[in-house]
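Chemist: Generate the whole structure from the sequences, applying the supplied hints.
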Amino acid sequence: MKLIAAYRKGRELSAISHLDVQRTLQRSFRRAGLPLAYSQGFNPHPLLSFATATATGMSSECEWFEVQLSEDVTPDAFESRVNAAMPDGLSVWGAFVEPEGFGSLSSKLRAAEYRVTLKFFTAVDARSLQTALEDFLSGEIIIQKRTKSGVRPVDMRPYILEVSVEQVGDGKAVLRVLGKLQADGGLRVNSVIDALLERLDANATYDVHRARMFFAADGLLPRLPSE
Amino acid sequence: MDRLLSRVEKPARYIGGEWNSIVKERADVRFALLFPDVYEIGMSHLGSRILYHVLNGMDGVACERAFAPWPDMERALREEGAPLFSLETKRPLGGFDILGFSLLYEMCYTNVLQMLDLSGVPLLAAGRKEGDPLVICGGPCACNPEPIAPFMDAVLIGDGEEMAPELVEIYKKAKATGKSRAELLKELSGVRGIYVPSLKTPETKIVKRIVKDLDKAEFTGEPVVPYLGIVHDRVALEVMRGCTRGCRFCQAGYIYRPVRERRSETVMELARRQVACTGYDEVSLLSLSTGDYSEVHALVPEIIREMEQNRVSVALPSLRVDSKLAGDLSVMRTVRKAGLTFAPEAGTQRLRDVINKNVTEADVLRATQDAFEAGWNGVKLYFMIGLPTETDEDVLGIAELSRKISRQFYGMPKEKRGRGLRMTVSVSTFVPKPHTAFQWCAQVSPDEIQRRQALLRDAIRGVRGAELKCHYSLLSVLEAAFSRGDAKLANVLMRAYELGCRFDAWTEHFKPDAWVQAFGENGISEKDYAEREYGLDEPLPWDFADMLVTKDYLKKEYLRAQAGETTPDCREHCNGCFGARYETDCRLS
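Just so you know, the sequences run in chain order A and B. Take the first sequence: its position 45, counted from the start at 1, is 45 in the numbering used here, and no numbers get skipped. Take the second sequence: its position 515, counted from the start at 1, is 515 in the numbering used here, and no numbers get skipped.
What you were told as hints is all true, and nothing was included just to trick you.
So the derived label-pair ranges between C-beta atoms look like this:
1) B:D72 x A:A55: 14 to 22 angstroms
2) A:K119 x B:V23: 24 to 32 angstroms
3) A:A55 x B:D513: 35 to 43 angstroms
4) A:N190 x B:S525: 50 to 58 angstroms
The set of hints was computed from the structure by calculation and includes no laboratory data. The model shown is predicted, which means the values in this text are computed figures rather than measured ones. Beta carbons: idealized from backbone N, C-alpha and C, even for Gly.
Modeler: Written out as structure tokens, the structure reads:
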């Protein structure tokens, strides 16, 4: 059987890479004594796949994944057993049994919502931030994207669905960013925030937190309210 | 903390919080277990895993970890004016009661100074006052602690799993009763295995500490499972401590005597428990020579069979050429196809007899034949260049043996063997080590080493499937200097640290010029130490450390080496290496 669930990656673990998380999930599943199904071949590995990779430095509420088991386990049992074997900062939620012919998570993935918390070294008021943001979103946002064949400029604007200022004050600001995220590419939040800071001529540190992931409508996974 | 982490390449090295890590908010004594190399290396060290478990098992004691910060983190700490901190509670190390270093190789010494410095602790023991942490060290380098001794309040010589808790217990009482630092050190110096450099006299003799019954000794409990991939990322099970072979160059073979074993049932039980509590999918059976473990033929097939059911593979490093494990090889292959490693060490029988590596060419060829027939096509061979009495013929013998193995592979019918041979011939430079039969010997000069390497490179060209790995580095000269060094080298070490030397074992950080300068400014040369030939009756800086094997025995072994005579494995016959002392400690005698 296949189960679909999401894991939460807390702030304290934002420094670990996707590969580290993958390894940690596999070991947690083994500690939980789950009947994992393995791939064939010389180096069998547990059948575990992700909607998308979690960037190093990012925390998240909702990293959806799929795991294949060789015996039936109820979603509730899955969650409680795994959570008892997970280190602090990681936990699973939202598990459900994957129906036949469901398709892959990565092919269904459409968008994600991010919460970006900025700490400014210089004072920034709500109005100037709002104005700068509107100006920023009114044209192309060219970032330098690193690819196999070198660095090339890419316009990030088409990937941005929505940006709103949630909170400003005390040298802090919280932005909500809704961006496209698909198997063939998506919004690079960090690059866009860097570009925004450059436009603002401001210096800040920031944390990126993935708050929600949205998928093609299928009645089971979260989908964009606008769809 | 966030600011520091955002500035370094692998922040996961510093965050702690791993599964099975132990955080104690309250404790009477805080012990910082320090490893003077990067996280991925230090976390792979079995001894530290044992001590972490044992010390955290003590009442009122918190044992926390810290590793040498990579240069990017060192820079960040200095620029932020922040002290080095522990992974568990992020406490500055200067606030700990005891700082304990594991010293596994000499070329990590500059990182000891780096870690002390970044903790704000005076580097020299003489400069520490009441209230400063007690700085101690242990590990194999402690068998000649002189180059590092001035930086240490106490040095633990021998097995640590009983000695370290004993030290902590004494510390705890001293702290509770308000004893002075001097009184504490005096008391510690009375414990077997503990050397207090500041109290050293010409009469000082430190007898190394041993755990008598390894089977009953504490092991690693529930080991920490890192997020980061570490060097040895698996369950490590120590099946045996010590080695009976008596290879004359091998320090571990002498200083870990007597041989002690864990019963195979104990190993099986540990394997089950550790796999269950870590979630690892690989276990490794560790010892200096697993093929010599008395129950190897019972344990290996059993552990492979049982672990396989849970998709756990079994790694068997340190399996010797002459181990009669050919039958088990085919079983091993069903789990995971790892490379095979053999260590003939020398190219000719004459030289193998000199070093007492009791392996014949026929042994090597039989083992490679078995391996090739079982479908392996990757094999690694380890050799040393510059061994005492070595001639050009011995060097060329390395190429000759490689050629025979290559011919053996390609002589097999195509359908019976793998496709192409991948034979790595790895050649390191001999480093004379204290407490070995070659402790008196000079290291061959750098020029001569390079000449011999060139000779070998020419000779091995054209051996099909062979890849030669040998390089020259000042590092092996420094290793020779420090392993046989005396207290004068502490000044060199201090100067090298000031000149920016760190992570010397890492090619990208090694600063040979700074080292040469540090020696020069102290009016000595690394060559004076590395190439020094000691007389058999001369006093040696490490004579005061009694590692149980007597100097007389080592002398005898040295003379037999010169005569090309071999010494039998002590499982066959007791050679009297402890000199009629501590006989009850060795169950083989």
